[in-house]
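Participant: Listed below are the residues making up each chain.
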Amino acid sequence: MFAAENGLKGDPRLEAISAAIRVVPNFPKKGIMFQDITTLLLDHKAFKHTIDIFVDRYKDMQISVVAGVEARGFMFGPSIALAIGAKFVPLRKPGKLPGKVISESYELEYGHDRLEMHVDAVEPRERVIIIDDLVATGGTLSAAISLMESQGAEVVECACVIGLPEVKGQHKLKGKPLYVLVEPSGLDGFC
Amino acid sequence: MSGNKEEVDPRINGIKTKIRVVPDFPKKGIMFQDITTVLLDPKAFKDTIDLFVERYRDKNISVVAGIEARGFLFGPPIALAIGAKFVPLRKPKKLPGETIFEEYELEYGNDRLEMHVGAVEAGDRALVVDDLIATGGTLCAAINLLERVGAEVVECACVIELPELKVCCREI
Numbered sequence: 001m002f003a004a005e006n007g008l009k010g011d012p013r014l015e016a017i018s019a020a021i022r023v024v025p026n027f028p029k030k031g032i033m034f035q036d037i038t039t040l041l042l043d044h045k046a047f048k049h050t051i052d053i054f055v056d057r058y059k060d061m062q063i064s065v066v067a068g069v070e071a072r073g074f075m076f077g078p079s080i081a082l083a084i085g086a087k088f089v090p091l092r093k094p095g096k097l098p099g100k101v102i103s104e105s106y107e108l109e110y111g112h113d114r115l116e117m118h119v120d121a122v123e124p125r126e127r128v129i130i131i132d133d134l135v136a137t138g139g140t141l142s143a144a145i146s147l148m149e150s151q152g153a154e155v156v157e158c159a160c161v162i163g164l165p166e167v168k169g170q171h172k173l174k175g176k177p178l179y180v181l182v183e184p185s186g187l188d189g190f191c
Numbered sequence: 001m002s003g004n005k006e007e008v009d010p011r012i013n014g015i016k017t018k019i020r021v022v023p024d025f026p027k028k029g030i031m032f033q034d035i036t037t038v039l040l041d042p043k044a045f046k047d048t049i050d051l052f053v054e055r056y057r058d059k060n061i062s063v064v065a066g067i068e069a070r071g072f073l074f075g076p077p078i079a080l081a082i083g084a085k086f087v088p089l090r091k092p093k094k095l096p097g098e099t100i101f102e103e104y105e106l107e108y109g110n111d112r113l114e115m116h117v118g119a120v121e122a123g124d125r126a127l128v129v130d131d132l133i134a135t136g137g138t139l140c141a142a143i144n145l146l147e148r149v150g151a152e153v154v155e156c157a158c159v160i161e162l163p164e165l166k167v168c169c170r171e172i
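Taken in sequence, the protein lines are chains A and B.
In case it helps, the UniProt record's numbering puts the first sequence at residues 1 to 191.
In case it helps, the UniProt record's numbering puts the second sequence at residues 1 to 172.
Read the hints as simulated data drawn from the structure, not as lab findings.
It is possible that some hints are incorrect.
[What the hints assert, rightly or not] Pairs of lysine to any residue, SDA-like flavour, derived with a Cα cap of 20 Å: (1) Lys18/B to Asp120/A; (2) Lys93/A to Pro26/B; (3) Lys172/A to Ser146/A; (4) Lys91/B to Gly95/A.
In isolation and in its complexed conformation, chain A is listed as follows (with noise of 0.2 Å):
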């Protein structure tokens, strides 16, 4: 769901976090309106209110466990994860994470990748976020979700600073629910 349909309408924090995100036409590749966030990092202010926004949310709801998907969500996972209380789990690519591991295969628009997460992070009954700066089709979280389910531990909601028009409507990713604080700038054509 989208934090302005969800008690945060109209909050003005929503809206600096919006015009702080940059969009780069045609990257990776022709064709994509990129998000970038690392405008809203150079933003101190709206830096702050994304985190404190999901802070507010989850500090009472006995969160043990924030985990962040390489590389963006580390940049706003630890910061969650420490006002919260609870420990940070990264999720990262293929053979980056040096002791045992656990891994989980999602689809790529062409072939696959792989998420992994040390195997003695989380435990069992522990109650998870997870954090990404953007959800477009879900495969990345839904990954992250399976390593989280294989473990025992309950993921109580994912969390996105954007959301692609697609998941509008869509309020839960394998049957969990999804918390997106804004939708992408510049699809209408305006930069």
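Keeping the supplied structure of chain A fixed, place chain B upon it in accordance with the hints.
Facilitator: Frame of chain A; chain B shown alone:
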């Protein structure tokens, strides 16, 4: 900080004990310093960030630059706490906008670090953050990138320092 004559902050030992050593990763003979176990301990992780924030909050730092990918785990919380921008320094072709790059040496061959044009401005006071410093090659590349756009690198900050540190920066 390891060279300081001040008393060692008690939080440091708590952090040290949380770092996991993984032998022979990524290859035989390397004792890999795994910080993911620090992130699993909310107190140790918070202490790590607090130590950096206490050191830098009154130094007028306007930019925290973090090196992909483990620098992204520590840099943003520090940036948020001290009121600075966060700038990711990334492997090639990850950043979508116009970039500048700096090459650095690996054991075999070279790699590149990239930064968005316009992210850092002349006169910015910068802190560079990574999880670990070994030879210093990556940090030197980061310093060069920041200085090329006219920023002043106030300090480089790492959680872990390896004893075999060799200074690799050359005066140009």
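Participant: For every hint, state whether the structure bears it out.
Facilitator: Hint-by-hint comparison with the structure:
no.	hint	result
1	Lys18/B to Asp120/A	14 Å, holds
2	Lys93/A to Pro26/B	14 Å, holds
3	Lys172/A to Ser146/A	14 Å, holds
4	Lys91/B to Gly95/A	16 Å, holds
Every hint, counting from the list given before, is met by this structure.
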